[in-house]
Amino acid sequence: MTMALMLAWTTSSPAAPAHDANALIASLGRPAPARTSFAEARFSSVLDKPLVSSGELAWLGQDKLERRVDAPRKETATIADDKVTQTREGKSPRSFSLSRAPQLKVLLDSFVALLGGDASRLAEAFTVQLNRDGEHWSLALTPTDAKVAKQISRIVVDGLGNEPRCMRMEEGDGDVAIDLLGPLAAKMPAEPTRDGLVALCAGTAP
Amino acid sequence: MRFAPRAALLAAWLVCLGLLYVLITHTLVVGTDLRSFMPAPTTPDQKLLMDQVGEGPGSRLLLVAIDGVPASQLASLSHGLAASLRKQPAYPQVVNGDFDLAALDNRFLFYRYLLSPTLDTTAMDAPFLSDQLQQRLDDMASPAASMLKSLLPRDPTLELLKLAERWTPAKSPQVKDGVWFSSKGEALLLVQTQAAGFDPEAQEAAINGIRSAFAALPGSQGAHLLLSGPGYFSVVVNAQTRHEADVIGRISTIGFIVLLLVAYRSVTSLLFGALPVATGGLAGIAVMALCFREVHGITLAFGFTLLGVAQEYPIRLLSHRRAGETALASVRGLWPLLMTAIASACIAYLAFYASGVGGLQQLAVFTITGLLAAGLATRYLLPHLLPERARDIATTPGLARLRTFFDELPRPRWLPVPIALAAAAMLYFAPGSFWENNLAALTPLPTDMLMTDARLRGELGAPDVRYLLVLQAHDADGVLALSERIEPDIDRLLAGKALDSVELPSRYLPSAATQKARQAKLPDTQALQKMLASALQDTPFKKDLFAPFVADVAAARSAPVLTPERFASSPLGQRLSAMLVNRGDHWVGLATLSGVHDAAAFAPLAAKTGGAVRLLDLKQASESLVAEYRTRILKALAVATLLLIATIAFALRSFRRAWHVLAPMTLATFMVLAVERVAGIPLSLFHLVSLILAGGLGLHYALFFERDTGDPDEQRRTLHATIVCVLSALLVFGMLAWSSIPVLRAIGLTVSLGVAFHFCISILMAPHASKE
Chain A
30 MTMALMLAWT TSSPAAPAHD ANALIASLGR PAPARTSFAE ARFSSVLDKP
80 LVSSGELAWL GQDKLERRVD APRKETATIA DDKVTQTREG KSPRSFSLSR
130 APQLKVLLDS FVALLGGDAS RLAEAFTVQL NRDGEHWSLA LTPTDAKVAK
180 QISRIVVDGL GNEPRCMRME EGDGDVAIDL LGPLAAKMPA EPTRDGLVAL
230 CAGTAP
Chain B
712 MRFAPRAALL AAWLVCLGLL YVLITHTLVV GTDLRSFMPA PTTPDQKLLM
762 DQVGEGPGSR LLLVAIDGVP ASQLASLSHG LAASLRKQPA YPQVVNGDFD
812 LAALDNRFLF YRYLLSPTLD TTAMDAPFLS DQLQQRLDDM ASPAASMLKS
862 LLPRDPTLEL LKLAERWTPA KSPQVKDGVW FSSKGEALLL VQTQAAGFDP
912 EAQEAAINGI RSAFAALPGS QGAHLLLSGP GYFSVVVNAQ TRHEADVIGR
962 ISTIGFIVLL LVAYRSVTSL LFGALPVATG GLAGIAVMAL CFREVHGITL
1012 AFGFTLLGVA QEYPIRLLSH RRAGETALAS VRGLWPLLMT AIASACIAYL
1062 AFYASGVGGL QQLAVFTITG LLAAGLATRY LLPHLLPERA RDIATTPGLA
1112 RLRTFFDELP RPRWLPVPIA LAAAAMLYFA PGSFWENNLA ALTPLPTDML
1162 MTDARLRGEL GAPDVRYLLV LQAHDADGVL ALSERIEPDI DRLLAGKALD
1212 SVELPSRYLP SAATQKARQA KLPDTQALQK MLASALQDTP FKKDLFAPFV
1262 ADVAAARSAP VLTPERFASS PLGQRLSAML VNRGDHWVGL ATLSGVHDAA
1312 AFAPLAAKTG GAVRLLDLKQ ASESLVAEYR TRILKALAVA TLLLIATIAF
1362 ALRSFRRAWH VLAPMTLATF MVLAVERVAG IPLSLFHLVS LILAGGLGLH
1412 YALFFERDTG DPDEQRRTLH ATIVCVLSAL LVFGMLAWSS IPVLRAIGLT
1462 VSLGVAFHFC ISILMAPHAS KE
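Chains as they are written, first to last, in the numbering used here: chain A, 30 to 235; chain B, 712 to 1483.
To be clear, the hints were calculated from the coordinates, so they are not data collected in a lab.
Keep in mind that a hint or two might mislead.
Claimed, not checked - Subject to a maximum C-alpha distance of 27 angstroms in a straight line, what follows is the list of computed DSSO-like cross-link-like pairs (lysine-lysine):
id, chain 1, residue 1, chain 2, residue 2
1, B, Lys1208, B, Lys873
2, A, Lys112, B, Lys873
3, B, Lys860, A, Lys120
Said to hold, decoys possible - Computed Cβ-Cβ distance ranges for the label pairs, DEER-style:
id, chain 1, residue 1, chain 2, residue 2, range
4, A, Arg59, B, Ala916, 38 to 44 angstroms
5, A, Ala109, B, Ala1314, 40 to 46 angstroms
6, A, Lys216, B, Ser1280, 54 to 60 angstroms
All residues carry an ideal CB built from backbone N, CA and C; glycine is no exception.
Produce the entire structure from the sequences given, and follow the hints as far as they go.
Now the structure itself:
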């Protein structure tokens, strides 16, 4: 697995200069609200097989994000004002502080910065590294805060042209969540594997 | 007496004082508990009040706010401070809004099934487990995944989160970066101290601990730490009182020295004149140190003030010396009068002893011993030290003219009538309430400090300091059971907005019966494993993931129920311990309340439980305490007054002469009362105490003015002595009257006014000058 990941990286061309990354990020900017469908596969040490879910991610402007899950069960999570509120069918909403879920804080930071085309905000929270392979690109975001990095070691965003296609969140304990975005979301295999998804994102899948 | 024996006597006297000093330094223990100056409680509610004032959970709470740096840095400072304080046993509870799963000690983690109410409404069966696992699966697909996944193997039903929710204060401030923030953008913390709230010394140690923990945090430079709460106030009051008493003491000492130098133009007289008071002070402390286990710091400070009266004895001796007369002869002439004055002052101070308040009793022992020692030293030691020849004070330039001036003042015999009428009218028309019943009015806190406290308390939802819900049962478990029983009633009160929130003891620990009932609902290991296996069938969870859960359920099923004593070894248990009080034959649970809007709404609850649950109004209890206390002091004063009349009548061998001494005293006392009341000052206990002190001083003036010697020189000496005494008293107490501390101000104002009235009225009513 790790070998495959490394291969995926080594086949890419060497890191592009910073201004290139800034130009790319600027080109990703959308006006709010911006919505995209997603399909997520979570590979975790507590699970025998990956957990797949799908729905829609929406940036509602400023630091407001909505993650709506349609399958396997409906749930809406809203991030606003440093608070996460989860609403499930038939359950009373529950909310918790954003700081209790560093994963989400990182997601918010990266997502909002990317959709806002805001390279400087991205640079505030992450060390940014861009790799290009023709039209395909890959942004590796490493949290600068050591405490956050212990929980979320890296986020990798893959894209084609000015369209992000994948978001891969690598957690400190080895768990990985891979989100296929936009049109790619429809291509989530019934029984995904980590390598398969990585290849799909990099555009190297057969 | 020639030089050598005089030097020997002086040396012997100084050695005695030195020995007393050594004795004192070896035996004196100075206490700081402010409660020893509060009235002795009589009813159970009052007793509870006195305990709560110092040791209740509310009084041990410190409110902490951090500001001065950007919010993200404030949050990390808050985290850092909380983490550092939680390691110290001096702070049983530190809350700052962060998610504190460590609140339930690891050793008690498996008890969560007995502590959480989950099993009250459901069984731990296959459908329940299946539903829970399905929910956890949804969680894993949700943003909460990374937060929850470490809990899953041990706690798939998230019992810990339910407990954390239950233990989180109902009304809490907004959370940013994981910690509480006020609406003004300060990071907020609540720290419970081990130290009692009214023990300023222990509180100071606790507060210094917080400050140094804060200073040790990286990035704390530039940030500002703001503290509030009863414990902090007691430290501030203590420091402020000490500081002001020091400053005032220093200034008035200097003034006093200058005054004596001007009056007697002799350094030797000044130095020798100080010896009797020093003797009185040291003897007083020594006796007090021997009689009491611990001497209160306030007793020492006030005691020296009250002992200032004793300075009159050497002043009288110095002023009344005639040219050519030995000091011994002068003192012999003065002694009968001086003895009457000392005896009557001692009788007045006996009233303090009768008050039954520990601090005032100490004060009585101290002053009575001090006055006697100073008086005896003036009579039997001082005359032998003074130079044989002295300047006759009667020849002081201007004194004769002053005496003539006083003598020529009109003094109609009917004078007492208008004075009495004026006093009565002023008392009758005075605004506001006559008595100050509020104990808190005696605490000298700057208003902005109180406003800060109210603001932080409001933001933190910290408990009300006025009300407590008292739950009474025969043992601790009974209190917990009672607390569980009234939970529905309390919920109704909360829903009806009678109060904002409540913290019941059962919130932290259910009663043994409830724990046993929950225990009985736990399946055995075999059954649990079977149910778990079937629930796991359709999930992607690893099959052996929940082994720690199975182990915990087994442990919870067979463990003895968690008692408050065992629980007390954890921080949360400490919190509970503070709420459960053993009061001899029964136990009391104290539930703190916040935002009580309708105190009367608790009455049905009290009726329903037969008084086992009742709302304790600390304000009302303290007011009744003060009122009862006052009644006792007034009774003691009445007895002291009768004794005083008897003593003076006996000493002067004449009721008519006694009348000439006592009438001006009484009138002056009522004038002080009247003036203070007209100024809108409600009278506190300290005003009463000061009236006694002023009365003691006034008695001296009246006694000496009443003395009809027929000798104009002696009259001039009397005037001189009295003016020196009045000026020195005005100097000391006039300074106190400017103090920012209500207690010191009450004493200063009352005594200054008293001295002025006593002097004027005694001189105007002095019999020898009246044209008979």
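Outcome of the hint check:
1. Using a Cα cut-off of 27 angstroms, the hinted pair Lys1208 of chain B and Lys873 of chain B holds, with the two alpha carbons roughly 25 angstroms apart.
2. The suggested pairing of Lys112 of chain A with Lys873 of chain B holds, with an alpha-carbon distance near 19 angstroms, which does not exceed 27 angstroms.
3. The hinted pair formed by Lys860 of chain B and Lys120 of chain A meets the criterion: a straight-line CA distance of about 21 angstroms does not exceed 27 angstroms.
4. Roughly 59 angstroms separates the CB atoms of Arg59 of chain A and Ala916 of chain B, a value that falls outside the hinted 38 to 44 angstroms.
5. Roughly 44 angstroms separates the CB atoms of Ala109 of chain A and Ala1314 of chain B, a value that falls within the hinted 40 to 46 angstroms.
6. Evaluation of the 54 to 60 angstroms hint for Lys216 of chain A and Ser1280 of chain B yields a pass: the beta carbon distance comes to about 57 angstroms.
Violation of the numbered hints given earlier is confined to hint 4; every other hint is satisfied by the structure.
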